[in-house]
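Chains as they are written, first to last, in our numbering: chain A, 1 to 379; chain B, 1 to 379.
These are calculated hints, taken from the structure and not from any lab test. Be a bit skeptical, because a hint or two may be false.
FRET-style restraints, in silico, Cβ to Cβ [claimed, not checked]: (1) Ile31(B) <-> Ile203(A): 54 to 60 angstroms; (2) Gln333(A) <-> Ile31(B): 25 to 31 angstroms; (3) Lys76(B) <-> Thr304(A): 25 to 31 angstroms; (4) Ala144(B) <-> Thr304(A): 29 to 35 angstroms; (5) His347(A) <-> Lys76(B): 17 to 23 angstroms; (6) Tyr140(B) <-> Gly307(A): 44 to 50 angstroms.
Partial selection, computed: residues in chain B whose CB lies under 10 angstroms from chain A [what the hints assert, rightly or not]: (7) Asn43; (8) Leu46; (9) Lys47; (10) Leu49; (11) Pro73; (12) Gln80; (13) Lys86; (14) Phe87; (15) Ala88; (16) Lys89; (17) Phe92; (18) Lys141; (19) Asn334; (20) Tyr335; (21) Ser336; (22) Ser338.
The beta-carbon is built from N, C-alpha and C at its ideal position, and this holds for glycine as well.
So you can see what is in the structure, the chains are spelled out below.
Number of protein chains: 2
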Amino acid sequence: MTSNDFFKFEIIYKSKKSGARVGRIYTPHGIIDTPCFVAVGTNGTLKALDNKTLDEMGLQLMFANTYHLILQPGSKLIAQAGGIHKFAKRSFPIITDSGGFQVFSLAYGGVAQELKSKGQKKHDSSVIKISEEGVLFRSYKDGAKILLTPETSIQAQKEIGADIIVSFDELLPYHADSKQLLKSLDRTHRWEKRSLDEHKKNINKQALYAVLHGGVDKDLRKKSCDNLTKLDFDGFAIGGSVGKDRFEMFDMLKSLMPNLPQDKPNHLLGIGDLESIAGIVPLGIDTFDSSHPTRAARHGLLFTKKGLMRIFKSGNALNHGPIETDCSCITCQNYSLSYVYHLFKAHELIGLTLATIHNIQFMIDLMKDYRFKILNDQI
Amino acid sequence: MTSNDFFKFEIIYKSKKSGARVGRIYTPHGIIDTPCFVAVGTNGTLKALDNKTLDEMGLQLMFANTYHLILQPGSKLIAQAGGIHKFAKRSFPIITDSGGFQVFSLAYGGVAQELKSKGQKKHDSSVIKISEEGVLFRSYKDGAKILLTPETSIQAQKEIGADIIVSFDELLPYHADSKQLLKSLDRTHRWEKRSLDEHKKNINKQALYAVLHGGVDKDLRKKSCDNLTKLDFDGFAIGGSVGKDRFEMFDMLKSLMPNLPQDKPNHLLGIGDLESIAGIVPLGIDTFDSSHPTRAARHGLLFTKKGLMRIFKSGNALNHGPIETDCSCITCQNYSLSYVYHLFKAHELIGLTLATIHNIQFMIDLMKDYRFKILNDQI
Numbered sequence: 001m002t003s004n005d006f007f008k009f010e011i012i013y014k015s016k017k018s019g020a021r022v023g024r025i026y027t028p029h030g031i032i033d034t035p036c037f038v039a040v041g042t043n044g045t046l047k048a049l050d051n052k053t054l055d056e057m058g059l060q061l062m063f064a065n066t067y068h069l070i071l072q073p074g075s076k077l078i079a080q081a082g083g084i085h086k087f088a089k090r091s092f093p094i095i096t097d098s099g100g101f102q103v104f105s106l107a108y109g110g111v112a113q114e115l116k117s118k119g120q121k122k123h124d125s126s127v128i129k130i131s132e133e134g135v136l137f138r139s140y141k142d143g144a145k146i147l148l149t150p151e152t153s154i155q156a157q158k159e160i161g162a163d164i165i166v167s168f169d170e171l172l173p174y175h176a177d178s179k180q181l182l183k184s185l186d187r188t189h190r191w192e193k194r195s196l197d198e199h200k201k202n203i204n205k206q207a208l209y210a211v212l213h214g215g216v217d218k219d220l221r222k223k224s225c226d227n228l229t230k231l232d233f234d235g236f237a238i239g240g241s242v243g244k245d246r247f248e249m250f251d252m253l254k255s256l257m258p259n260l261p262q263d264k265p266n267h268l269l270g271i272g273d274l275e276s277i278a279g280i281v282p283l284g285i286d287t288f289d290s291s292h293p294t295r296a297a298r299h300g301l302l303f304t305k306k307g308l309m310r311i312f313k314s315g316n317a318l319n320h321g322p323i324e325t326d327c328s329c330i331t332c333q334n335y336s337l338s339y340v341y342h343l344f345k346a347h348e349l350i351g352l353t354l355a356t357i358h359n360i361q362f363m364i365d366l367m368k369d370y371r372f373k374i375l376n377d378q379i
Numbered sequence: 001m002t003s004n005d006f007f008k009f010e011i012i013y014k015s016k017k018s019g020a021r022v023g024r025i026y027t028p029h030g031i032i033d034t035p036c037f038v039a040v041g042t043n044g045t046l047k048a049l050d051n052k053t054l055d056e057m058g059l060q061l062m063f064a065n066t067y068h069l070i071l072q073p074g075s076k077l078i079a080q081a082g083g084i085h086k087f088a089k090r091s092f093p094i095i096t097d098s099g100g101f102q103v104f105s106l107a108y109g110g111v112a113q114e115l116k117s118k119g120q121k122k123h124d125s126s127v128i129k130i131s132e133e134g135v136l137f138r139s140y141k142d143g144a145k146i147l148l149t150p151e152t153s154i155q156a157q158k159e160i161g162a163d164i165i166v167s168f169d170e171l172l173p174y175h176a177d178s179k180q181l182l183k184s185l186d187r188t189h190r191w192e193k194r195s196l197d198e199h200k201k202n203i204n205k206q207a208l209y210a211v212l213h214g215g216v217d218k219d220l221r222k223k224s225c226d227n228l229t230k231l232d233f234d235g236f237a238i239g240g241s242v243g244k245d246r247f248e249m250f251d252m253l254k255s256l257m258p259n260l261p262q263d264k265p266n267h268l269l270g271i272g273d274l275e276s277i278a279g280i281v282p283l284g285i286d287t288f289d290s291s292h293p294t295r296a297a298r299h300g301l302l303f304t305k306k307g308l309m310r311i312f313k314s315g316n317a318l319n320h321g322p323i324e325t326d327c328s329c330i331t332c333q334n335y336s337l338s339y340v341y342h343l344f345k346a347h348e349l350i351g352l353t354l355a356t357i358h359n360i361q362f363m364i365d366l367m368k369d370y371r372f373k374i375l376n377d378q379i
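Modelling step: build the complete structure from the supplied sequences, incorporating the hints.
This is how it looks when you write it as structure tokens:
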């Protein structure tokens with residue numbers, strides 16, 4: 001158990017059947033029951049859903065992006081408002097990333113694009129220089145030069161004031177060769193140590209997670225793990241390229257997870273599709289974030305116990321029952337599938353909100369169900 | 001006082017200072033306190049705001065468009081769902097129009113466009129034929145031919161099932177000459193009589209309003225009034241071209257209002273900007289509808305007691321107080337102006353919802369204030 005005044009992790013139960021575990025993360029803004037799905041609120045809000053409603057739904061952890069927040073509205077403005085919780089009116093815990101991932105995306109395109117492009121740089125005009133100090137890039141908002149380093153990332157995350165913050169790391173493309181990977185890994189470890197040192201100057205009731213790297217190379221993952229778990233981070237995120245598909249990821253995680261300290265919480269970055277969740281929970285993943293449920297909702301893909309359902313599926317127009325009969329979400333408790341179908345058909349924005357509410361509630365309920373099953377050794 | 005089982009209008013107070021009056025319209029879905037602003041929910045929802053939230057805010061009357069609803073999802077589907085209140089999950093009263101206005105808009109463009117185009121037909125490819133029977137047009141959704149007549153409009157409005165429905169009328173362009181106007185007026189009166197006859201076959205706990213025409217010609221307005229008030233409509237809407245500007249409209253209304261039966265409710269179609277409201281309330285208008293407050297919200301124009309405020313006004317980014325200090329709306333009670341500014345700046349959809357909530361609450365509060373002032377002979 002890691003514990004201090006404001007951050008504590010306890011394991012409630014370990015499954016007898018797998019590596020799955022049920023735990024609790026205590027933060028200044030309340031408890032996170034794990035395993036927990038973390039919804040992505042890039043700009044301090046989920047897309048198409050306001051934080052008051054989200055609070056009422058009981059989503060326990062929201063992921064916000066430091067890169068976006070430093071560009072708009074700026075971390076200093078958020079500090080002036082009293083921190084991200086007050087600024088965005090969220091009562092429950094928030095985690096921010098370091099901004100590194102977005103800088104990587106700017107340099108190489110998104111992960112999916114990158115996998116297609118075999119690591120060739122693209123859209124890199126906004127990244128001016130990557131050096132030992134950090135990354136110099138140009139704001140897409142106003143063209144201003146911004147230097148993101150371990151120190152400035154941590155300082156920005158202090159100003160934003162999330163409950164959990166993340167070390168600044170370098171991300172290499174999936175197709176990087178092992179020499180590049182090793183060089184980058186060493187730099188990332190130096191950056192993460194600098195992040196920790198900066199964090200310790202002003203802990204600010206925040207927990208700091210390291211980010212484990214090494215791509216899909218099991219030895220490098222082990223090396224990263226050994227290096228970073230020696231330092232007193234509060235938790236460990238699994239980042240970098242986690243594989244070109246689900247199976248490569250599962251394979252990497254199977255080898256990595258036994259090396260993680262059992263008494264600290266872990267987080268898998270950027271994963272949240274239903275098939276992946278089914279695979280990562282038994283491996284002992286505590287939290288994981290994804291924009292998939294909210295993006296799917298806006299594209300008219302509704303989560304149901306029978307699988308994904310297209311809103312425009314034949315028959316939905318005439319279905320006067322809820323999206324899912326036993327769903328407790330605001331949408332299903334109030335509106336029919338027929339009405340939500342109509343809103344999408346008529347291009348009414350509020351349809352996106354109602355679909356988002358449903359998918360997020362589905363994820364909250366799904367994770368409750370996972371925890372119940374772990375407690376009963378069914379997973 | 002007009003009264004029946006399900007629809008009643010009573011005047012609570014007449015101002016000693018003007019023609020303004022405070023009244024109550026009783027409907028199967030509750031009371032409408034007049035004068036009342038009617039928000040426009042074209043497709044059975046306000047843009048960017050869900051009906052459950054709108055119910056909680058207490059908006060007493062919503063305006064839905066028959067033209068849009070018959071094309072999507074279809075009036076039969078709404079009937080099958082149990083009517084528009086059940087379909088759209090709205091507890092409070094709803095009024096639908098006849099669909100005639102949209103057919104006119106298709107034939108001549110919008111009113112504003114029409115004023116510029118001097119009445120030349122445009123975008124009229126979807127209107128196939130206007131005859132004594134009604135209007136034949138083509139659905140922009142699927143190309144199907146649809147015949148809208150007094151009878152089919154009323155039948156569709158029966159299927160939709162709003163509390164207040166409106167007679168089918170013909171709209172002429174503002175620039176129509178007096179011969180055209182007179183001819184159209186006579187046809188409109190015949191169509192409205194047919195609407196009333198159709199309505200009487202199956203009253204369906206609905207009130208039917210006539211639509212007074214005559215453009216800005218005071219004699220024609222008087223003629224329309226004399227013709228239609230002889231018939232037993234439950235209320236009178238003022239439609240057609242009401243003037244090229246506010247002053248022409250005030251002038252027309254000053255001459256028209258004394259001819260209206262005092263014991264029946266009236267409705268001014270499509271007007272709702274703040275300056276117009278200040279002019280029409282003292283003339284005795286009971287209800288009026290406009291999409292202006294919701295559209296303004298989506299364009300970042302916030303209603304305040306000091307006038308319209310652009311969301312991007314300098315200073316708003318750093319204003320950590322609410323949009324308006326003494327506003328009771330969900331947005332002002334929970335979120336800062338700085339945060340709403342940020343949401344707009346970051347192109348977050350939920351910003352549109354928060355702005356819409358504020359503007360609608362402003363209108364609800366504004367009308368409360370108007371009623372208070374009338375009761376105290378201040379208006």
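Evaluation of the provided hints:
Against the hinted window of 54 to 60 angstroms, the Cβ-Cβ separation of Ile31(B) and Ile203(A) comes to about 57 angstroms, which satisfies the hint. Distance hint check: the CB atoms of Gln333(A) and Ile31(B) are about 26 angstroms apart, consistent with the given range 25 to 31 angstroms. For the hinted restraint 25 to 31 angstroms between Lys76(B) and Thr304(A), the CB-CB distance of approximately 27 angstroms keeps it satisfied. Distance hint check: the CB atoms of Ala144(B) and Thr304(A) are about 32 angstroms apart, consistent with the given range 29 to 35 angstroms.
Against the hinted window of 17 to 23 angstroms, the Cβ-Cβ separation of His347(A) and Lys76(B) comes to about 22 angstroms, which satisfies the hint. Range check, Tyr140(B) to Gly307(A): about 34 angstroms between beta-carbon atoms, so the 44 to 50 angstroms window is missed. Of the supplied interface hints, the one on Asn43(B) holds, with its beta-carbon coming within about 4 angstroms of a beta-carbon of chain A, less than 10 angstroms. Interface hint status for Leu46(B): upheld, as the beta-carbon distance to the closest one in chain A is roughly 8 angstroms, under 10 angstroms.
Below 10 angstroms, beta-carbon pairs count as interface contacts, and Lys47(B) has one with chain A at about 6 angstroms; its hint therefore holds. Annotation: Leu49(B) was flagged as interfacial toward chain A, and the flag holds, the nearest CB pair being 6 angstroms apart, inside 10 angstroms. Evaluation of the Pro73(B) hint against chain A yields a held restraint, the C-beta minimum of about 4 angstroms falling below 10 angstroms. For the restraint placing Gln80(B) at the interface with chain A, the shortest Cβ-Cβ distance is roughly 7 angstroms, inside the 10 angstroms limit, so the hint holds.
Here the hint on Lys86(B) is kept, as its CB sits about 8 angstroms from the closest CB of chain A, short of 10 angstroms. Hint on Phe87(B) holds. Least Cβ distance to chain A is approximately 6 angstroms, under the 10 angstroms limit. For Ala88(B), the interface hint holds, the least distance from its beta-carbon to any beta-carbon of chain A being 6 angstroms, beneath 10 angstroms. The restraint placing Lys89(B) at the interface with chain A holds, with a minimum CB-CB distance near 5 angstroms, inside the 10 angstroms limit.
Because the smallest distance between the Cβ of Phe92(B) and any Cβ of chain A comes to about 15 angstroms, over 10 angstroms, the interface hint for this residue is violated. For the restraint placing Lys141(B) at the interface with chain A, the shortest Cβ-Cβ distance is roughly 9 angstroms, inside the 10 angstroms limit, so the hint holds. For Asn334(B), the interface hint holds, since its Cβ comes within 10 angstroms of a Cβ in chain A; the closest pair sits about 5 angstroms apart. Interface restraint check: Tyr335(B) against chain A, minimum CB-CB distance 5 angstroms, threshold 10 angstroms, status holds.
Interface hint at Ser336(B): satisfied, since its Cβ lies 7 angstroms from the closest Cβ of chain A, which is below the 10 angstroms cut-off. Of the supplied interface hints, the one on Ser338(B) holds, with its beta-carbon coming within about 6 angstroms of a beta-carbon of chain A, less than 10 angstroms.
Going down the numbered hints, you'll see the structure goes against 6, 17, while the others check out.
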